[in-house]
Amino acid sequence: MALAAGTPAPDFTLLATPDQSLSLSEIEGPAVLIFYPADWSPVCGDELTMFEAASKLFAQHRAQLIGISVDGAWSHTAFREQHKIEFPLLADFNPKGAVARAYEVYDEKNGLCERALFVVDRDKQITWSYVSPVGVSPGADGALNAVEALS
Amino acid sequence: MSARLVNPVGEHDHVRGASDAKITLVEYGDYECPYCGQAYPIVEQLLATFASDLRLVFRNLPLADVHPHAAAAAEVAEAVGEQGEDKFWAMHDTLYQHQRALGTEALEGYVRDVGADPAAVQVALSSGRASARVEADLEGAIRSGANGTPTFFVNGVRYDESWSYETFEGYLRAVLATPSE
Numbered sequence: 127m128a129l130a131a132g133t134p135a136p137d138f139t140l141l142a143t144p145d146q147s148l149s150l151s152e153i154e155g156p157a158v159l160i161f162y163p164a165d166w167s168p169v170c171g172d173e174l175t176m177f178e179a180a181s182k183l184f185a186q187h188r189a190q191l192i193g194i195s196v197d198g199a200w201s202h203t204a205f206r207e208q209h210k211i212e213f214p215l216l217a218d219f220n221p222k223g224a225v226a227r228a229y230e231v232y233d234e235k236n237g238l239c240e241r242a243l244f245v246v247d248r249d250k251q252i253t254w255s256y257v258s259p260v261g262v263s264p265g266a267d268g269a270l271n272a273v274e275a276l277s
Numbered sequence: 439m440s441a442r443l444v445n446p447v448g449e450h451d452h453v454r455g456a457s458d459a460k461i462t463l464v465e466y467g468d469y470e471c472p473y474c475g476q477a478y479p480i481v482e483q484l485l486a487t488f489a490s491d492l493r494l495v496f497r498n499l500p501l502a503d504v505h506p507h508a509a510a511a512a513e514v515a516e517a518v519g520e521q522g523e524d525k526f527w528a529m530h531d532t533l534y535q536h537q538r539a540l541g542t543e544a545l546e547g548y549v550r551d552v553g554a555d556p557a558a559v560q561v562a563l564s565s566g567r568a569s570a571r572v573e574a575d576l577e578g579a580i581r582s583g584a585n586g587t588p589t590f591f592v593n594g595v596r597y598d599e600s601w602s603y604e605t606f607e608g609y610l611r612a613v614l615a616t617p618s619e
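Line by line, the protein sequences are chains A and B. Add 126 to the 1-based position in the first sequence for our numbering, that's all there is to it. Add 438 to the 1-based position in the second sequence for our numbering, that's all there is to it.
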């Protein structure tokens, strides 16, 4: 089961590009963590594109969108470019899936992140989480409502 | 958690089909999205099959980051729509039938083809009315849990199955067979 609302969000430091890393503790405002199975799969493209389309609404609440999968930073770089995704995609690559495990959304059988969303407030508490069936893009409404509930 | 349409179908919507149809299908679409282009004839076929039992509502969800002409196409369709619903739908059909030619000149040509007044279209565009409507559609889509393009809502509930004709038709038949609350 994914970590639930009321749980402290485990900190992490992951590569955002081949030579830059990002830590949750660096984020000042709220964060939306978007765990997804894999770059290049069709549902993930839809899911991240919808969050990109919604990014203005999240920005109104100074919420930082962060995608996370087990793909490497080079793959993320190419995927972001292809799908015109502006927010960072982090590589939960080495050790593989460690952050997804910490949030209890690692699919051990397939070696991928589950399709899960977390809203983390500025005090680094999880205030909302949701796991979507792997074949269904969840949309951005639940996370947006949770972010709006913070302010 | 099955996502639901938060903004009900109203008078401002573009509707194709009978107002008392048993099923209302809301499509959030992007004129440049190839999947929406594939869905277009399927939706038309569903409308033909279900006739008076089905009506279509089209709203805009242009994914402008990936589809550079999508927002302009949506705005022109809305600007044309100010001159009548029949002109809106003629433009809608034209755009989906010419998805690969949505540049500025092409759009101007389609405005003339559907018999809209180009000067009035220009006013709707430059006043910001058309873009405001498209932005409002986009925000409504996000708040309703639209999860890609196209996203369909059947009687207000997001449709997460395949929109291949056979699957979609079967689903709508099941909805028709279910007594309404």
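Everything labelled a hint here was simulated from the structure, so no lab data went into it. All C-beta atoms, glycine included, are put in the ideal place defined by N, C-alpha and C. Careful: at least some of the hints might be erroneous.
EDC-like cross-link-like pairs, simulated, lysine to aspartate or glutamate; straight-line CA separation at most 16 angstroms [said to hold, decoys possible]:
#, chain 1, residue 1, chain 2, residue 2
1, A, Lys210, B, Glu573
2, A, Lys182, B, Asp555
3, A, Lys222, A, Glu207
4, A, Lys182, A, Glu152
5, A, Lys182, B, Glu577
6, B, Lys525, B, Asp503
7, A, Lys182, B, Asp503
8, A, Lys222, A, Glu212
Derived DEER-like restraints, expressed as beta-carbon distance ranges [unchecked claim]:
#, chain 1, residue 1, chain 2, residue 2, range
9, A, Glu152, B, Arg611, 35 to 45 angstroms
10, B, Gly566, A, Leu276, 49 to 59 angstroms
11, B, Arg611, A, Trp166, 27 to 37 angstroms
12, A, Glu212, B, Gly448, 32 to 42 angstroms
13, A, Thr139, B, Asp458, 56 to 66 angstroms
14, A, Trp200, B, Glu604, 19 to 29 angstroms
Which residues of chain B face chain A? A few of them, derived with a C-beta cut under 8 angstroms, are [claimed, not checked]:
#, residue
15, Asp451
16, Gly541
17, Leu576
18, Glu577
19, Arg581
20, Asn585
Agreement of Lys222 (chain A) and Glu207 (chain A) with the hint, judged by alpha carbon distance not exceeding 16 angstroms: 23 angstroms, violated
So if I understand the rule, the pair passes when the alpha-carbon distance is 16 angstroms or less; does Lys222 (chain A) with Glu212 (chain A) pass? 24 angstroms, violated
Hinted pair Lys182 (chain A) and Glu577 (chain B), Cα distance within 16 angstroms: 10 angstroms, holds
Is the distance from the Cβ of Gly566 (chain B) to the Cβ of Leu276 (chain A) consistent with 49 to 59 angstroms? This hint is violated: roughly 31 angstroms between Cβ atoms.
Are the Cα atoms of Lys182 (chain A) and Glu152 (chain A) separated by 16 angstroms or less? 21 angstroms, violated
Hint consistency between Lys210 (chain A) and Glu573 (chain B) [alpha-carbon to alpha-carbon, up to 16 angstroms]: Given pair Lys210 (chain A), Glu573 (chain B) is violated - Cα atoms ~19 angstroms apart, limit 16 angstroms.
Between Lys525 (chain B) and Asp503 (chain B), does the CA-CA distance stay at or below 16 angstroms? The hint is violated at about 28 angstroms.
If you check the beta carbons of Glu152 (chain A) and Arg611 (chain B), does the distance land in 35 to 45 angstroms? 53 angstroms, violated
Status of the given 56 to 66 angstroms range, CB of Asp458 (chain B) versus CB of Thr139 (chain A): Since the Cβ atoms of Thr139 (chain A) and Asp458 (chain B) sit about 59 angstroms apart, the hinted range of 56 to 66 angstroms holds.
Just tell me: holds or violated, for the beta carbon distance of Arg611 (chain B) and Trp166 (chain A) against 27 to 37 angstroms? Cβ of Arg611 (chain B) to Cβ of Trp166 (chain A): about 35 angstroms, so the range 27 to 37 angstroms holds.
Interface restraint verdict for Glu577 (chain B) against chain A (beta-carbon cut-off 8 angstroms): OK, holds: Glu577 (chain B) within 8 angstroms of chain A, min 7 angstroms.
Does the beta carbon distance between Glu212 (chain A) and Gly448 (chain B) stay inside 32 to 42 angstroms, or does it fall outside? 33 angstroms, holds
Hints 1, 2, 3, 4, 6, 8, 9, 10, 14, 15, 16, counting from the list given before, are not met by this structure.
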